[in-house]
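**Q** Each chain, written out:
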Amino acid sequence: MKIWQFSEQAYHPAFQVPGAMRVTLPQHHCDPAEAGQLLNRYLDEYLLADELGLNIMVNEHHAAATCMSTSCMTTLAILARQTSKARLLALGIPLANRSNPLRVAEEIAMVDCLSGGRLEVGLVKGAAYELFMSNRQPTGFMDRFWEAHDLILDALGNTGDNFAWEGEHFHYRTASLWPRPIQQPRPPMWGTASSASSAREYGRRDYTCATFLSGAVARSVFTGYREAYLEAHGRQASQDKLAYLALVACANDRATAFRRAEQMKSYFTTAARLDPQFRNPWGFNAVEANVRMLQAGPSAMRPRMRNGQPLPVDGTIEQYMDAGLFFVGTPDDVYEQLAQFHGETGGFGNLLMMGQAGELDHADTADNLTLVAREVAPRLADLPEIPFEIRYEAVG
Amino acid sequence: MDTGGLDELDFGTLSTVSVRGTAIEMLTAGSGAPLLFLHGLDGLEGSAGVLRELARHFTVYAPSHPGFGGSERPARLDRVDDLGYFYLDLLTLLALDRPVIAGVSFGAWAAAEMLTKEPGRAAHLVLASPLGLPTANRREQHVADIFMLSRQELGARMQLGDPTPGSDMAVLTRLPEERIRRLMRNDEAASLYGWTPYMANPKLGDRLHRIAPPALILWGSDDAIVSAEYRAAWADAMPQAAVETMPDAGHRLHADQPGAFANRVAQFAAR
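Residue numbers (our numbering), protein chains in the order written: chain A, 1 to 396; chain B, 1 to 271.
Keep in mind that the hints were calculated from the coordinates and are not lab data.
This one's a predicted model, so the numbers in the text were calculated from it and none came from an experiment.
Incorrect hints may have been included.
List of simulated lysine to any residue pairs, SDA-like, C-alpha gap at most 25 angstroms [unchecked claim]:
| id | chain 1 | residue 1 | chain 2 | residue 2 |
| --- | --- | --- | --- | --- |
| 1 | A | K125 | B | G120 |
| 2 | A | K85 | A | C113 |
| 3 | A | K125 | B | D145 |
| 4 | B | K203 | B | G120 |
Using the sequences and the hints given, assemble the complete structure.
**A** Below you can see the structure in the form of structure tokens.
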């Protein structure tokens, strides 16, 4: 299993401000000098991850105290130059927040060049609430997503003449990438899924499929991927095509690990602080998806604990661990928890590890990353491939 | 009468008409001179009360806009400008030469678009709480942004009286599936036509002078969605229209004052 360090790069001093952490939180709560110090600190932690042999994942959000990375390619451009070994994953570039897909392709190519071909790319929809900042049209979004995706891939892999693009949604007189990416025909592609049906698309396309903080649902996501992969390619997907994102708090003793976990937990509680009208802008989700969501009720999308109950947002560390969203303890504990979860989900080859989250400070983060890299990662690297048997369980 | 489970429309007939291959749900009710009614963001069902009142005076034709309620939408019909052409085709299909046209809120915008294109195509025009003109000037907002309000707050602000059932999440989730689907389609269509530029056609103001029939603009006295500046902009852009304010009414004045609204339309159309 490969491990990818990930931090949302929160402006955690604003967590004390009452109310929403996204969209409506006034920007005067941000002290830019402090923001600059924090951003540099998070970059230092990414550099440490590189030194420790971990890989790196970066995301972006907008108008959010929970995430100051407002452009994952800007962050990755820095890391492309300052790291040497790590694979650099953008997961992802939110096309809901991009008006110009050719510009997305240019940034991918430039960062791939800068990094010597270490970039990996997830093109994602983006969080629904981003639409209030980008003001992209919510309706018909997936049509535009796939056209932008196709254009970006055509541009990245083009070795012939420059081309013009007259699509339904995007129009370019000439597409010409200077530079073009080192990795051909393109950097490895990733997608994110929270159900078997959304994972199947990535299986068919041979993309790496990640599922975020989904707990027991990860098994269904991975099974959907593996079924579609086998059908499309005539061979089994290796587990390095599958990724799971969770928080990890590791320390030499359990008391310290749990103290760290408590400091990271504000990631979960602040992520939930968003006024309801911004969660689901009118027209963004398909009508039938909205009908099903309304009928299922608000707790239907929550991860479940082993007793079947929905995980409370303000749940205990133990409850988050029980649901498979948090791995906490000594290196032995964390290895055992991850090995068990690996087996339960049918196996995955990438752990997208939030080794920093919430208010966890630099010293604790550095120790957390060091312990995981030195004492957990080597053992996880030896986890076996679990043979895939189709049991018709990937529903939904 | 068959109203497809929409019991509040049981005074009329809900049927499907094909407008150049697009299946449109349309209520037909009442008797008298023909009146085309164009509903607002609250959908056809949100106008049930006023349609019942209008049907006492007119033969009412009330379609669900393409994409709303049970109406299909052609893939490239995505501007209210397009709706203007679409409804001119509907009038031709129904062999309505010069009906009275009344629209409320979003529907008043669609009605205005129609008549900028064929200025003589109505006998009388009534625009109640019309949207469609630019809703803001840089940082000055003249129309509340419905997409930024919670469902509950929006529901409460739209009229003086009781909010629509979809305004309360607890009620919404317990509605019959077909009702939920209609509401979700209404929301989706509002977003399609009105997300950006927000509830406006920037060119509409330069075209309103073309509208030829006697025209009446009605505002609710307590409209909590549009500002006084916005009402003034409508009066400026359409100097040929009479402007009146209806007391004890919010933005959905058709819901707050269905009887008074229908009487005023009938009186105006009899001029």
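**Q** Measure nothing beyond the straight line between the CA atoms of K203 of chain B and G120 of chain B; if it is 25 angstroms or shorter, mark the hint as holding.
**A** holds (20 angstroms)
**Q** Given the hint that K125 of chain A pairs with G120 of chain B, test it: the Cα-Cα distance must not exceed 25 angstroms.
**A** violated (46 angstroms)
**Q** Does C113 of chain A sit within 25 angstroms of K85 of chain A, going by the straight-line distance between their CA atoms?
**A** holds (14 angstroms)
**Q** Given the proposed pairing of K125 of chain A with D145 of chain B, does the C-alpha separation stay at or below 25 angstroms?
**A** With a Cα-Cα distance of about 24 angstroms, the restraint between K125 of chain A and D145 of chain B holds, given a limit of 25 angstroms.
Violated hint for the displayed structure: number 1, the only one.
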